[in-house]
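Trainee: Given next are the chains, with one letter for each unit.
Number of protein chains: 2
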Amino acid sequence: MADRANIAFSGSPIERADHIRVDDDALAAQMNWRARVLRLDGLNPVFDDSGALEWGTLADVPETAELCFLGLLDGKACFAPVPDEGATGPAYANPQIWSAMQALQPGELATYGGARSLVDWHARHRFCARCGGPTKLAKGGWQRNCSSCDAQHFPRTDPVTIMLVEHEGRLLLGRQPRFPPRMYSALAGFVEPGETIEEAVAREIWEEAGVRARDVQYVASQPWPFPSQLMIGCYSVTDDPELTIDTTELDDARWFTREELEAARAAGDRGTDDLIFPRSFVIAHHLVTWWLDR
Amino acid sequence: MADRANIAFSGSPIERADHIRVDDDALAAQMNWRARVLRLDGLNPVFDDSGALEWGTLADVPETAELCFLGLLDGKACFAPVPDEGATGPAYANPQIWSAMQALQPGELATYGGARSLVDWHARHRFCARCGGPTKLAKGGWQRNCSSCDAQHFPRTDPVTIMLVEHEGRLLLGRQPRFPPRMYSALAGFVEPGETIEEAVAREIWEEAGVRARDVQYVASQPWPFPSQLMIGCYSVTDDPELTIDTTELDDARWFTREELEAARAAGDRGTDDLIFPRSFVIAHHLVTWWLDR
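Protein sequence lines, in the order shown, are assigned to chains A and B.
Last residue of the first sequence: 294 (the numbering used here), numbering continuous.
Last residue of the second sequence: 294 (the numbering used here), numbering continuous.
One thing to keep in mind: the hints can contain errors.
Stated by the list, open to error - Here are a few chain A residues that face chain B, going by a calculated C-beta distance under 7 Å: (1) S117; (2) L118; (3) R124; (4) E207.
Worth flagging that the hints you see were computed from the coordinates, not collected in a lab.
We put the CB at the ideal spot given by N, CA and C, even for glycine.
With these hints in hand, go ahead and build the complete structure from the sequences.
Mentor: Below you can see the structure in the form of structure tokens.
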């Protein structure tokens with residue numbers, strides 16, 4: 001089994017307290033002087049002097065601010081404000097995000113990631129996809145209601161499969177054009193309407209690498225907050241290693257031996273001459289580690 | 001391992017042909033006299049004389065119709081038209097859906113389910129959630145583009161965990177208020193931003209039944225097209241069977257012995273005096289069957 005306890009963006013200590021979200025009176029009672037409000041710079045985290053996430057109080061936010069109820073921590077209600085604008089560019093290019101992933105304690109990173117996905121969704125859903133009318137935050141931020149038609153909208157999480165493929169002791173990894181040189185990772189793709197996890201894995205490997213995968217096995221999952229994916233990590237096997245790479249998606253894909261992967265892992269962030277091992281905060285890191293260590 | 005080959009709504013014979021979606025010329029070339037267009041009555045299936053899904057040609061649909069490219073079947077392009085209106089009521093109350101689930105061959109049911117989710121999403125996303133402007137179908141129905149701002153929107157699939165909980169040889173099942181009398185099924189709930197599959201399973205069981213689950217294990221998944229969920233079926237264990245039922249979600253939840261479950265399965269659709277076994281087209285059926293037979 002993968003070491004699921006150390007997967008980045010999981011393990012938030014906040015209790016989601018669903019029963020409060022759905023009860024207007026209970027939610028109002030939580031909006032008191034003890035409540036904590038996550039400080040955000042747009043969608044980016046703000047750090048306090050100790051390098052932890054910074055929290056303020058309800059007095060710090062305008063009365064008109066839309067607030068999401070994240071849940072309870074040490075008996076105190078935790079909120080996050082919806083920013084004026086949602087995510088516009090890719091998060092991986094943002095230095096504040098990189099420093100957060102490297103600096104924050106695991107539980108705090110999970111709290112930040114979950115809050116970010118939620119408030120970003122609100123910022124990008126101020127209108128009703130059904131009728132175009134304005135929407136309003138409801139249920140403590142776990143719903144938006146259309147003011148024109150009666151449509152209800154809910155925060156979105158997109159399931160994505162990310163997979164290892166093995167052929168006779170070697171693993172298939174690929175690189176996207178945006179990756180730094182020598183960095184390879186597991187192939188991945190969104191689960192589409194009408195397919196199982198296993199079907200999505202097989203389709204992605206076929207589309208991206210021209211390889212037929214069998215015996216798909218679930219390994220571990222990760223919430224990924226850029227903007228809001230559920231990464232479903234799997235392992236599979238192929239009988240024929242011949243690659244036909246989809247060059248619109250991938251720069252390259254190759255088979256790596258156990259020795260190459262072990263060497264890259266041991267080399268840390270700088271990698272070997274051939275390979276930089278997937279970073280510790282991505283689930284591909286856990287998948288390859290699981291495969292090497294099992 | 002669960003018998004994944006027989007999970008309803010999976011196993012469509014249509015090849016999704018992603019490379020055609022993203023290539024305007026290739027897509028236009030497929031819109032010829034050989035192309036097949038799925039007949040739908042709103043979102044409901046239409047059957048031909050043999051009880052299979054009925055297909056027409058491009059000549060049957062208005063030139064202004066929005067069409068989704070489902071993929072290739074026997075070398076022919078398959079399309080489905082976006083209906084005027086998306087899903088409004090719950091599908092489980094619709095007799096045409098029930099008869100489709102019972103009558104269609106597995107591959108055809110999967111084709112219908114995937115097409116339904118996709119065209120329903122289009123019908124409910126004619127406007128941009130970011131700016132309220134009108135949107136237009138793009139990429140053969142795998143995207144919508146806003147005509148006012150530059151936002152791109154993609155078909156939505158919601159990951160849902162559905163789980164068995166075992167305590168000393170008994171399984172926890174619950175019933176929603178809308179279920180027929182004596183019908184119990186596995187507990188379930190949406191995966192939220194910021195949590196893993198395992199965290200979502202533990203949270204749902206805690207919220208709905210007041211039980212702490214451990215050792216969550218993935219069993220099987222199912223695409224569920226009402227409107228578009230990815231059901232992620234899991235198994236878990238608890239050490240303390242005392243229940244605190246969330247009566248806003250559940251009518252009842254109870255522990256069932258192996259003998260009770262075996263008897264209900266053997267009794268078929270009519271069930272025993274205590275229990276109707278989950279229907280064959282829901283993943284709960286496969287989860288409980290997997291548990292009984294392993």
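Trainee: None of the hints should be skipped; say for each whether it holds.
Mentor: Taking the hints in turn, this is what the structure says about them:
1. The restraint placing A/S117 at the interface with chain B holds, with a minimum CB-CB distance near 3 Å, inside the 7 Å limit.
2. The criterion of a C-beta within 7 Å of any C-beta in chain B is met by A/L118, whose closest approach is roughly 5 Å, and the hint holds.
3. Against a cut-off of 7 Å between C-beta atoms, the interface hint on A/R124 holds, since the closest Cβ of chain B lies about 5 Å away.
4. Among the interface hints, the one on A/E207 holds; its C-beta lies about 5 Å from the nearest C-beta in chain B, closer than the 7 Å criterion.
This entry satisfies every hint, going by the numbered hints stated previously.
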